[in-house]
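Colleague: Sequence:
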Amino acid sequence: MTTEPVFPGVTITSGPAPWQVIQRNPDGRADVTLEGSWVSDAPGTVEVRVASECDNSPVPGCDWRDAEMLDHHAWTITLSIPTGGLYKIETRLRNQGAEWRLTGDKIWHVSVGDVWVIAGQSNAVGYGHGPVVDPAAFGVSVFGVNEVWRLATHPVFDTTGTRHPANRDSGWMDVSPWLAFGKEVLAGAGVPIGLIPTALGGSALSSWEPAKGDEAVLYWNMLEHITAAGGKVAGMLWYQGESDAGESAAPTYLERFTAMIEDFRTRFGDLPAITAQLNRYLDGLPEQDKWWGVLREAQRQAARSIPGLAVVPTLDLVLSDAIHTGAIGNVILGQRFARAALGMVYGAEIPWKPADVENAAFDNSERTRVRISFENVVDHLIFLQIKPNDFTFEDDLGVVPVESARVEGASDVLIELARPASGTTLCHNMLGCDPPCSLRDHLQRPVLAFYGIEVTAGGATRQPLGDGADSAVDTEEKL
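Take any residue in the sequence shown, note its place counting from 1, add 939, and you have its number in our numbering.
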């Protein structure tokens, strides 16, 4: 019988994983504890340091430090590591009276930064197909469903070796927005980014509502993911709603989504969240048009009513099939998410909010002209079409045909109606599963879609979600 030879040196038995992004504290540092054992014929002290993998220089405050030496040749140390990376954590053994140090274990490719959890349904998973230039970047990592950290590459979602069957997605996962998101934030804020994918294609909001108890299987699964990744996150990236864009679920979406965010913040602190308004659905039926409008309005209202929550537009982005944003579109979407994060979370002085309706009012006494004003407009608005048909109007008599629409000034749209509006008049922008979308700002971003804005003499009020069921616009009528 032979035994394994025992070599002198240091072993790490507990600490960060290679490629891990450790969630930093509010002071920009992370407290990292390492434990291990050591072997030597002589008394010794374990030394630990953190160094840059770029130039091998020690990280300030983390140069060689003595570990606490425990009984039975064990050791432990807690390091306060600043934001940055890639870092290597090194160990060595200093024997009493010896000139040379003995080697020890190392942990490679560690970063300290912000960890964002990804939740939602298939467009959060990323079904974008086709060639696109979106390479990996040191400083952006993903904690996979196999509970192993790795360098983030497409697909960010990968079911190989999953330990979380609750979100084992069977769709063709390919390009998602999240690698582009991580790279843009890393470049703009200098903060390494970790990603925790927890979404599942086809999932309804009910699967994410903690108030649903056991039915909220994906919410509890998300919490398990976060715990396994270290227990702390910087915020949530959310893209969901297609499965709720119907008569039974859309009217209550805002209330239920708000409750989910509140529960999430109760557990992890007052963290930011960034969401997307629904993109197009090419196979939608006419009777679904209203509810996609109601759902998009709920997403727009969420950004207005929930502090620390942003929404980004998607309706201009290319699709890879009837409902999923394509590869190039997802890269653009990731950059939009990042822009929102840089402005809202990281303090960048950039115009990050999308153009959004501010008010709508009749512009003449005959009620045949409507002025719609937008806020957060970058430079000016422009229609891509000579005869745009982005807007739909309804009054007490039914659909009010639009005769023309044009931009006036920097942030107003002036609309001529084909007849005088009668009674309560509602305005919708980009209504339907596959709506026209031609109004842009100077950054070529579409304005946010809206539903049920009441046209008044002095401003706009929002039609309560779910009300006015009898005033739904039929696709044939509005076209």
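These are calculated hints, taken from the structure and not from any lab test. Since the model is a prediction, treat every value here as computed from it, not as a measurement. Hints are supplied without guarantee of correctness; some may be wrong.
What the hints assert, rightly or not - Quick list of in silico lysine-lysine cross-link-like pairs, BS3-like style, CA-CA up to 30 Å: (1) Lys1171 with Lys1326; (2) Lys1151 with Lys1171; (3) Lys1171 with Lys1045; (4) Lys1326 with Lys1292; (5) Lys1171 with Lys1027; (6) Lys1045 with Lys1027.
Claimed, not checked - Restraint-style ranges between C-beta atoms, simulated for each label pair: (7) Asp1202 with Ala1075: 26 to 36 Å; (8) Thr972 with Thr1092: 25 to 35 Å; (9) Glu1342 with Thr1099: 37 to 47 Å; (10) Glu1355 with Arg1206: 28 to 38 Å.
The C-beta atom is built at its ideal place from N, Cα and C for all residues, glycine as well.
Colleague: Take the hints in turn and mark each one as holding or not.
Modeller: Status of the hints after comparison with the structure:
1. Lys1171 with Lys1326: violated, 50 Å
2. Lys1151 with Lys1171: Between Lys1151 and Lys1171 the Cα gap is close to 24 Å, so the pair holds against 30 Å.
3. Lys1171 with Lys1045: holds, 24 Å
4. Lys1326 with Lys1292: The hint holds at about 27 Å.
5. Lys1171 with Lys1027: Given that 30 Å is the threshold and the Cα spacing comes to 21 Å, the pair holds.
6. Lys1045 with Lys1027: Within the cut-off at roughly 7 Å; holds.
7. Asp1202 with Ala1075: 26 to 36 Å: holds, 34 Å
8. Thr972 with Thr1092: 25 to 35 Å: holds, 30 Å
9. Glu1342 with Thr1099: 37 to 47 Å: violated, 57 Å
10. Glu1355 with Arg1206: 28 to 38 Å: violated, 52 Å
When the structure is compared with the earlier hints, violations turn up for hints 1, 9, 10 and for no others.
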